[in-house]
Amino acid sequence: MARSGNKTYNYNATVRDQFARHENQSGEIGIEIECEGTHLPAAKDISEYWTIHADGSLRGESAEYVMTKPVNRKNVWPALEYLEKLFAECKTKLKESYRTSVHVHVNMQKIPIRQIFNVILMYGIVEDILTEYAGVTRVGNLFCLRMSDAEFMLQELRQAAERDSYQALNSNGLRYAGCNIKSLFDHNSLEFRAFRGTSDMKLISEWIDIILNIKDSALTYQNPSEMLQNFSNLGPEGFINKNFSPTLRRVIESAPQWRDKITTGVRLVQDVAYANDWAPTPEKSSTEKRELKMAYYELNNIDLAQLLNAVPDEVLAAGRARIRAPVGGLGIRPQPAPQDAWPAREEEEL
Amino acid sequence: MYDTVEEARMRLSGTVIFYRGEPRYVRDCSGGVGGEIMVHIDQLPNMNGGIVASLRDPEINIREFRQSVGYMNNTSVDGGRTYKAHYVMRMPIRGDGYKQGLHSSNLVFPRVNGNRQRWDNALMSPAFKDMLLGIYPSLDECKSILDNDPRHESVAFTRAFALAKDHDLGFYILYYKGRRVASGDVDALVLPSHHWYLNEVLQGSGIRVR
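Residue numbers (our numbering), protein chains in the order written: chain A, 15 to 364; chain R, -13 to 196.
Source of the hints: derived by calculation from the structure; they are not laboratory data.
Hints should not be assumed to be uniformly reliable.
To be verified - Facing chain R, a subset of chain A residues (Cβ under 7 Å, in silico):
#, residue
1, GLY154
2, ALA164
3, PHE166
Just so we're clear, the structure is a prediction, and the values are computed from it rather than from any experiment.
We treat Cβ as the ideally placed atom computed from N, Cα and C, and that holds for glycine.
One chain only, chain R, in its complex shape (with noise of 0.2 Å):
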């Protein structure tokens, strides 16, 4: 681990970790008794109720972000009335300062109404924390959400998969990673030919096809 709270800090703040499975944001390192480093955490989406922890504390988790991004269900693109689902990616770049933690340096957020997600905003999203959680409604739920209103763009319902409605001809998209890869009725989506390798994926998340 890190040998000093410089090089703790240039690694770590202004990132996201986990800590007792929950996302924190990493507002800075500082030295603690006996040389351990000491990380300073906050809770998102408010960056409030803020503790210190050891880096040695078990309970922290700087290394294993495989589970926490994927399809975020942005609704702060017009003030939190509609869905549109963006498929987040962490990057293998050195970025901004060799940052381990998630961060905006080294995450790709697909460009909202052509403006680039600011970082501050995501932190602040409560969708950013859902996503990092998994947190998706249910693909039935992402369905009525769509029926209901024909403003929403698209909902997620896992961290791989998410959900759109063509209301002009009535039918449902099905999105996978960022882009679409079967249409028809959720009930049975038609996967065409050369997406047909997916079809084990698509069953092993509860999406039927044919």
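So here's chain A without its partners, still in its complex pose (with noise of 0.2 Å):
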């Protein structure tokens, strides 16, 4: 936990420290194919990489391919290669189906909260763009809702970062998202759901890249306020020239009025965005640390008469209203500070 006098940002703490605490990764990449189809390859034939999991959501011959373990970026295409492999070796046929889709799980455990609203939101900026890119059942699909489907996710994201509280975001009822943040919890990862089912790797991996992308660029910004600054800056055009590989770029230029979508994917998010000011919170090291605890305690020690005797009097003037009279020994209490003036930040349900 980062504190600033005596303020605790949690935002500023590890997911793997503030969500749920899961064994340590290395690797940063987990995929999880599921498949329909016949002559798919059986739970023997799997190698380290990949293990045969049952998934209740599929119809007829089906599968669904699990990676063992996270693996680092450099083996995901072996990875996926060994199951090209598989494939062909068995003559396997994947059907086209509404029900199959393939999540990638990225390893966040290392990530601060502010940083990873970044992510999350740099996705929701061009969600709806790689979501139509991800494949025409997936548009709209119950399985992977966009932001902009279910506004349900966004409340509860900005209503976590305004209190700086994120207990909430571990909730079923956030995780058929196309990016599920429940994941967080679950692996302390974000899962991506919005691809289509294939068999096709390099349009897997591919997908991979741009996902690895958005989480790359999202990092190069401390605070998702940061971010959209940058992108009101530079408008969508800079914006996705500075944080986009071409290949993302070529994805995103390709679909029609992208430049609407991504402004409209903005303002969709920014209300998360500026939810919480993300002050920045340096740790201080022990030794300020030690001394604020020794002034602390020589204060408690001075008698109060000396010591206002010892302030200039305007400054005392100026003080006086916020400094109650001592009660029962030495009591220097601010006054309540002032409410906020209206409208209040609180949240008001309509």
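Combine both chains into one complex, guided by the hints.
Okay, here's the thing in structure tokens:
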């Protein structure tokens, strides 16, 4: 937990420290590939990379190939290539189905929460375009709803950021989104669920590159408001040129009215981005903490009258309104802070 | 699309979808000629005028509901006498039987007088249909509704914005997606600095702020 003075900001804690303490993973990417079809490789064929799961949402001959553990970027392609060869050997024929999909988990264990918000919101900005790219059956699909389909997710993110309290995000009500944030609690990862089921490993690899590009770019910003400020400064064109690889830019620019879609995406997520000022709170060194503690004890041992005599009259006059007379010993208490002028930032549901 | 009638029924029965741009309640699904899947749909809000359409009909929309939810001008709170705007949202949840259409299990209805909104009440409410179709009074109409009767709590004029009035102090309150964002006179609402980022959205909706 990061502290500044008496204030603790959870958003500077890492996902693993704040959400759920899962086993440390060095790998970055986990993949799940849901398949329906014929001649699907059976459990005995699976290597060190893959294991096979049954999935109740699939029909007929079906299987879900799940990575045994997260792999580094450089091992994504060998793992996919292994599965591709296996499909070829087994003469697997996959069926086009709206039920099948590819889920990509990105390890977020060591990322501070405020930068997790960067990743979620940057994905949100381009999500409409990316979901169309991910597959026609994925648009509006109840298993991977976009933020623009299901704004409840944005409301929960905004409230979490505003309160700097994130436990409410651990909800099944947020799981079936294109970007599943519940997975931060379940696996310390963000799960991207939008890509259609396919046996074309090159396509899957490209999708993973796109997701990683979004993650890498998002992590170059300290916090979400800085990221959106960057959009305001650069506009849609400048923003994608600065942040995205040529591959991702090509995907975005091939979408009709992509500038409008990105601007709409920014407007969709800006409530979350500006829900907190994300103030920097550098950790104080242990020496600084000790000095503050000493000062506190000294103050308690000083006679208040002596203290007041030492303060110049004009400073005393200015501060008098904020200092109450001591009751039963030393008691310097600031008056309660004035209530925020209308409108309050507290949520009021309508 | 769905392979079997059972699957279509599981995803769609009891939900709201769109047919020819109109919201329809799916009463049931059945098998048609040549293995076609048929949906039995009723009009809202009276659940009458039922028709049967093929799920392959390009006029059937079971996916794109982004422009269908938002503020609902609920007038059923006290028998239709007063307005109160509620912000309705969809959840990314599997919910009750993996519903693809809009359904009580995947919609968040704010509580009305402390009570959960009943799904059948919503379905039969003209306000719900108006929300689905995006029918709202204009900002000026909202203002006069509020001016004329202090019992009206708030009135939405778009999917994202609603107006309320503090009758004691005589100023208006602008709500955006369920929360207060600006206040003052309707012609020049005061947007506090921490909501300044909404400036473009407000201007785009024809709302004047300073």
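Among all the numbered hints in the text so far, which are the ones the structure does not match? As far as the earlier hints go, not one is violated by this structure.
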